[in-house]
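**Q** Guided by the hints, dock chain Y onto chain E, whose structure is given.
Residue numbers (the working numbering), protein chains in the order written: chain E, 1 to 314; chain Y, 1 to 279.
Fair warning: there could be bad hints in the mix.
[To be verified] Covered stretches of chain E (chain Y as the covering partner; in silico rule of three or more C-beta atoms under 8 Å from a C-beta of chain Y):
| hint | segment |
| --- | --- |
| 1 | 21 to 34 |
| 2 | 65 to 72 |
| 3 | 76 to 85 |
| 4 | 275 to 288 |
[Unchecked claim] Residues on chain E that point at chain Y, a partial pick, calculated with CB under 7 Å:
| hint | residue |
| --- | --- |
| 5 | 37 |
| 6 | 40 |
| 7 | 41 |
| 8 | 225 |
Calculated from the structure, these hints are not laboratory results.
Glycine included, C-beta positions come from ideal geometry on N, C-alpha and C.
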Amino acid sequence: MMRKAKEKSPNLAIELAGISLKNPVIVASGTFGYGEEYSELVDLNRLGAIVAKTITLKPRLGNEPPRIVETASGVLNSIGLQNVGVDAFINEKLPFLKKYDVPLIVSIAGETTDEYVQLAKALREEEISGLELNLSCPNIKYKRKSMFAQDPKTAYQVVSRVRKATSFPLMVKLSPNVTDITSIARMCEEAGADGLSLINTFTGMAIDIENRKPILREITGGLSGPAIKPIALRMVYEVHKAVNIPIIGMGGIMTTGDALEFIIAGAKAVAIGTGNFVDPLTSIKIIDGIREYMVKNRIRDIELLVGSLQCPKS
Amino acid sequence: MVQVDGKILENREVGPQRYKMALSAPQIGNQAKPGQFIHVRVSKSFPPLLRRPFSVHRAQGQNIEILYKIVGKGTEILSRKKRGEYLDILGPLGKGYRLPQKRGQVQFSKKSPSVTSKTSDIILVAGGTGVASLLFLAESISVSNPESSILVLIGAKNREELLCEGDFRRLGCGVEVATENGTRGYKGLVSDLLEKFLPLSGNKPKPIVFTCGPSEMLKRIGKISKEHRFPCQVSLEECLACGVGACLGCVVKTRGSTYNYKRVCKDGPVFDAGELIWE
Numbered sequence: 001m002m003r004k005a006k007e008k009s010p011n012l013a014i015e016l017a018g019i020s021l022k023n024p025v026i027v028a029s030g031t032f033g034y035g036e037e038y039s040e041l042v043d044l045n046r047l048g049a050i051v052a053k054t055i056t057l058k059p060r061l062g063n064e065p066p067r068i069v070e071t072a073s074g075v076l077n078s079i080g081l082q083n084v085g086v087d088a089f090i091n092e093k094l095p096f097l098k099k100y101d102v103p104l105i106v107s108i109a110g111e112t113t114d115e116y117v118q119l120a121k122a123l124r125e126e127e128i129s130g131l132e133l134n135l136s137c138p139n140i141k142y143k144r145k146s147m148f149a150q151d152p153k154t155a156y157q158v159v160s161r162v163r164k165a166t167s168f169p170l171m172v173k174l175s176p177n178v179t180d181i182t183s184i185a186r187m188c189e190e191a192g193a194d195g196l197s198l199i200n201t202f203t204g205m206a207i208d209i210e211n212r213k214p215i216l217r218e219i220t221g222g223l224s225g226p227a228i229k230p231i232a233l234r235m236v237y238e239v240h241k242a243v244n245i246p247i248i249g250m251g252g253i254m255t256t257g258d259a260l261e262f263i264i265a266g267a268k269a270v271a272i273g274t275g276n277f278v279d280p281l282t283s284i285k286i287i288d289g290i291r292e293y294m295v296k297n298r299i300r301d302i303e304l305l306v307g308s309l310q311c312p313k314s
Numbered sequence: 001m002v003q004v005d006g007k008i009l010e011n012r013e014v015g016p017q018r019y020k021m022a023l024s025a026p027q028i029g030n031q032a033k034p035g036q037f038i039h040v041r042v043s044k045s046f047p048p049l050l051r052r053p054f055s056v057h058r059a060q061g062q063n064i065e066i067l068y069k070i071v072g073k074g075t076e077i078l079s080r081k082k083r084g085e086y087l088d089i090l091g092p093l094g095k096g097y098r099l100p101q102k103r104g105q106v107q108f109s110k111k112s113p114s115v116t117s118k119t120s121d122i123i124l125v126a127g128g129t130g131v132a133s134l135l136f137l138a139e140s141i142s143v144s145n146p147e148s149s150i151l152v153l154i155g156a157k158n159r160e161e162l163l164c165e166g167d168f169r170r171l172g173c174g175v176e177v178a179t180e181n182g183t184r185g186y187k188g189l190v191s192d193l194l195e196k197f198l199p200l201s202g203n204k205p206k207p208i209v210f211t212c213g214p215s216e217m218l219k220r221i222g223k224i225s226k227e228h229r230f231p232c233q234v235s236l237e238e239c240l241a242c243g244v245g246a247c248l249g250c251v252v253k254t255r256g257s258t259y260n261y262k263r264v265c266k267d268g269p270v271f272d273a274g275e276l277i278w279e
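Chain E on its own, in the form it takes in the complex (with noise of 0.2 Å):
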């Protein structure tokens, strides 16, 4: 019997970007911490892979606060990067997160294309799986006055020099916040991207109506949660139809449904964000769920689901 329940178990292991992954469900970073947090509600070897709050080459004190405020199904926050520097992470962080049997994927940011690089240098020796270039967070001040994965050939010199920097599997997150997300992505998946996390949050703002003041802090902050689902969706889709690396969607994924809808438009992983605040075992749920549909749907090889999309004949 136990040989009969083995043959039936449909396969939920992936290849992404040369990571070795369980199950294609990550949880996002930012929305993770660096795993401790959740350590005692999750257990995190039955995670896809972790991918870890982004780091800094220094460390930074984050936006003044409120920095978070609930919107129609959605969240807006406005954090800024608010992190202990690498140097703190590989000392402090990083030890807890080797414990575990389960991919850790180190997401870092610069305000500079050079930061980029010294933080993949920094992290070459670690025991690490891979890196996410995190080229669009909306909250924080850049020199150059737009986010790296707001221009083509800024997000293909940045992907380029970090590449040739590290070995690490190179994953790159960007933006929704742009008129052709597709160009973007094509640009890094020249440039030696190995995969890229689709998406980040979309920049909008809340009003205190009473004051007449903005509900942020900062003004204005990244939308995340179920209310922007349908965007990253079509996003994942489009982006999955213009390259040939593996995407890791995301973008309110709160179920099942929502997870296996991302895997038929082309994401060959999907990522948990805002969910694991309503429920810190979203992504095990969601683990659970596919492999029942599977089970159900007779679908022996998670890759058999990605890109699965049948569009009617035009």
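**A** Chain Y only, in chain E's frame:
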């Protein structure tokens, strides 16, 4: 910290728009300490999307109570929950009040014979539903430190909105009341009432003050504690996303070489008043 399905034992109106809910929440009830909170998912659908935080009002065995006011959609939904329904709860979360373990261990004197009769060792200052966590604190102190005398100052807009007065009296606490419209007790702010009870001069032992309420009130009491140099712990209320210290959405500015940010949900919600930089 655990995530459990808590069964609602009772959810009753205790004042205008004010409710008290009792829940059976195994592992939370017997772990919770005064000042800690639970993070409640009020609905399986959204909005409201995020959980809502509530101070533990009482904890006994497996059971906990929360005391809340309807302030928005989340609490409105909560107020309509019926006995027997279940709520997804995270808790206990955060760092609570640091209790004086034994009489005299904190800054008030154990030598002065006048302490018990004339002065209060401990003053609790509650504004509105901020009273919720302070009742739990008073109950804990009365068990751990039965000799101490507790004075409770309760503030509200009017007499209808006053909460928990009888509960504190039953514990043997001294209770004084302030209402903004003067319909009961002292007319004015509870922070002004506090100033009237302070030993302002001489060698009188300083009380330790614990307070929870609207931020303007806490700010004022923080200022008074600095002027009169008494130890003061304040419990802050913030909008929270994760509640477990991961998202960094709920920070407050605290003193450091320049300044730091601390997380209300994880490093607090209780802080030393002197540690906070009030904006």
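**Q** Holds or violated: is the Cβ of residue 37 of chain E closer than 7 Å to a Cβ in chain Y?
**A** holds (4 Å)
**Q** Please count how many residues of the segment 65 to 72 of chain E have a CB within 8 Å of a CB from chain Y and say whether that reaches 3.
**A** holds (count 7)
**Q** Next item in the hint list is residue 225 of chain E. Is there a CB on chain Y closer than 7 Å to its CB?
**A** Holds - the Cβ of residue 225 of chain E comes within 7 Å of chain Y, reaching about 6 Å at its closest.
**Q** Closer than 7 Å between Cβ atoms is the bar; does residue 40 of chain E clear it against chain Y? Give me holds or violated.
**A** Nearest chain Y Cβ about 5 Å off; hint holds.
**Q** Would you check chain Y against the segment 21 to 34 of chain E, counting CB to CB pairs closer than 8 Å, and say if three or more residues qualify?
**A** holds (count 4)
**Q** Under 7 Å is the threshold here; is the Cβ of residue 41 of chain E close enough to any Cβ of chain Y for the hint to stand?
**A** For residue 41 of chain E, the interface hint holds, since the closest Cβ of chain Y sits about 5 Å away, which is under 7 Å.
**Q** If you count the residues of the segment 76 to 85 of chain E with a beta-carbon closer than 8 Å to a beta-carbon of chain Y, do you get 3 or more?
**A** Per the Cβ count (3), the hint holds.
**Q** How does the segment 275 to 288 of chain E fare against chain Y when you require at least three residues with a CB closer than 8 Å, holds or violated?
**A** With 6 residues closer than 8 Å to chain Y, the segment 275 to 288 of chain E meets the three-residue bar; holds.
Violated hints are absent here; each numbered hint is respected by the structure.
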